[in-house]
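Novice: Taken in order, these protein sequences are the chains called C and Z. Each residue of the first sequence is one higher than the one before, counting from 5 in this note's numbering. Each residue of the second sequence is one higher than the one before, counting from -19 in this note's numbering.
Be careful, since some hints might not be right.
For each label pair, taking beta carbons as the anchor points, the in silico distance ranges come out as [stated by the list, open to error]:
(1) E168(C) / A9(Z): 46 to 54 angstroms
(2) E197(C) / A140(Z): 48 to 56 angstroms
(3) A129(C) / I93(Z): 26 to 34 angstroms
(4) A214(Z) / A129(C): 51 to 59 angstroms
(5) Q59(C) / R48(Z): 19 to 27 angstroms
Hints were generated in silico from the structure; no laboratory data involved. C-beta atoms are modelled at their ideal positions from N, C-alpha and C, and glycine is treated no differently.
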Amino acid sequence: MHKFPETRDSLLMQVRDPANREAWEQFAQIYRPVIYRIAVARGFQDADAHDLAQQVLIAVATAIGRWEKSEEETRFRNWLSRVTKNAILNAVARRPKDRARGGSSAQIGLDELAECDRATEELLAQEYRREIYLQAADRVRVNVTADTWQAFEWTVVDGREIAEVARQLGRSVGAVYSARSRVMYRLREVVRELENR
Amino acid sequence: MMTTKPPACANAARSSELLQGQLNSFEQAEFESHLESCAACRQWLEDQAADEAQWREASHLLMADPYRSSLDARREHETTGSHLIEQVITALAPTDDPEMLGRIGSYEVSGVIGVGGMGVVLKAHDRSLDRIVAVKVMAPHLASSGSARKRFERESKAAAAVLHPNVIAIHSVNIDGALPYLVMPYVRGQSLQKRIDAEGPLPQLDILRIGAQIASGLAAAHNLGLVHRDIKPANILLEDGVERVAITDFGLARAVDDASLTRSGVIAGTPQYMSPEQSRGEPIDHRSDLFSLGSVLYAMCSGHSPFRAETSYGVLHRIGNEAPRTVRDINTDVPEWFDRLIHRLLSKNPADRIQSAHELVQLLSACIAHLEQPSTHSLPSALRETKSRRRSWLAAVTAAVLLLVGFGVMTSRSLTTVSDKDEGSVTSELPDDRSAVGSEYRHSDHATQWDALPITTTLEIQRVATELEEEARTPFAAVDSR
């Protein structure tokens, strides 16, 4: 799996209640890439996007202490999503690019800001879904043969012709249909699992 | 096109069976060759797998992910550490000596020793004293952060205060320049982690010697009120040629009462060797280091850390809640008494551990003497459970016999009272692994319950009593002298 052990572990330290730690770890695993991609889509450089993801997660992790004391009745995951959404909106609105514009354009109208928020929210929903799919794909991939996965990836993700892929893999067209359908079916199952946990 | 009805083909039902993994390989091959010619079944199969929108979504969402490619690129950088070394080397001052890479302060840099989380360690020549030193330079991206600079300063000051052969010395510290650095003696050797990776479990005598030296270095630091917080094999340096061990990287060391930096949550130790109190983010004291040292001893015996899991959450959960597999399960060469020592250090509750590094040094030194000359040096009494265990087993046997007698005589009140008194002292001495029997005995604490003991229980006790008797006869000396 992709991770920066040091930063992730130290963030985990913020969550005092062990019952919430697993939830937090799963959460951070999903949201770190999500924040990164939103930042890149909003014009951040690679290193700045990683920093932003870390900052947002630190901010959220710091807030967890407050939640653990005060909002017992709110479901931890729901609370996390809300806080994170706000943190992302704030961070993206404060991005250096905006501040550097200067002059009259530095005064961003409220409309423009609200418009930016709406767009970011849509992006957030989409990138969240993408992360669920990507992590589901990681799981499915290790449980099928390399050929089966290639048949799926080449025909579905890369959009290549089935006959051509079959030739390259040295398999029949029927086998390629079978392989990609089996992967797709399993992928949907895992996506559903990840969404509901 | 999406179809909602299965095609009028004899093989239509095969589709869902295939997707649910219900076909054997022969049936699957058969169906796949049918798909070759039957377009209706192909369509039906795809529709069963997912609807059109879902196929499109998968295709769209699984396209190349910038986050993952960015991570791959970074990891490649990180494993070599080349970008960090490059940054540090280019930041060095120019030197006149063509053999040298550059200069930092008055030190002529001749090479790179290693890269760590905090920065780069350079090999350098100290011109004023004509000696080779190791210069630890803070990574440039950290040097620009105030809190990291502070931590670096704290690390240096803490480590510099500890003067002990088993703690790497700090010659000097410079935190004023663009790149803060500290100067240490140059030690030729490898880390304990590397040795474990290369050799697996180490010989028992080596384990004891290395452990005693780490404990000794820790005792010196603890005397100054410093907790290392990050004791792990990678931070233990084994010098070449001499049998000396040095604790390095007081990266997380701090005065016990100074919690300011930790509270910000940015600093944390390596989870695998963390203590339970550390893993919960609770306040810690020197006994946290003793737990970590217990894990290091465990790793030397078994070749790996005691608490392993796929995720850091899993590691932390195990540290806090689970007892590790005993070392003897993994490596039968480890003597039982050493297993007991590790077990005590790995107690979840700090109060149940060996209480000081100093005490541990004495214990380990006595173990070394015992291992080298078993005839003249007996095992330290703290690790000798044999006698008390034998005594308690004998006591248990006695109790069992008494119980049988008591049961045989049936409800003679006077006898019950007598054995009841004996019972109390016996119960508390029962070893834990006999707790099943112990609980039976505890029931019998109340004289009135004697009568209530069913016959099956009595037979059970008889069986266990025989077992205990046999075990009590086995010689322990042979085991202990290993």
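Novice: Could you run down the list of hints and mark each one as holding or not?
Specialist: Outcome of the hint check:
Range check, E168(C) to A9(Z): Cβ separation about 22 angstroms, and the 46 to 54 angstroms hint is violated. Taking 48 to 56 angstroms as the suggested C-beta distance range, the pair E197(C) and A140(Z) conforms, at roughly 53 angstroms. Distance hint check: the CB atoms of A129(C) and I93(Z) are about 49 angstroms apart, inconsistent with the given range 26 to 34 angstroms. At roughly 42 angstroms, the beta carbons of A214(Z) and A129(C) sit outside the given window of 51 to 59 angstroms.
Between Q59(C) and R48(Z) the CB atoms are about 21 angstroms apart, so this pair conforms to the stated range of 19 to 27 angstroms.
When each numbered hint is compared with the structure, violations occur for hints 1, 3 and 4.
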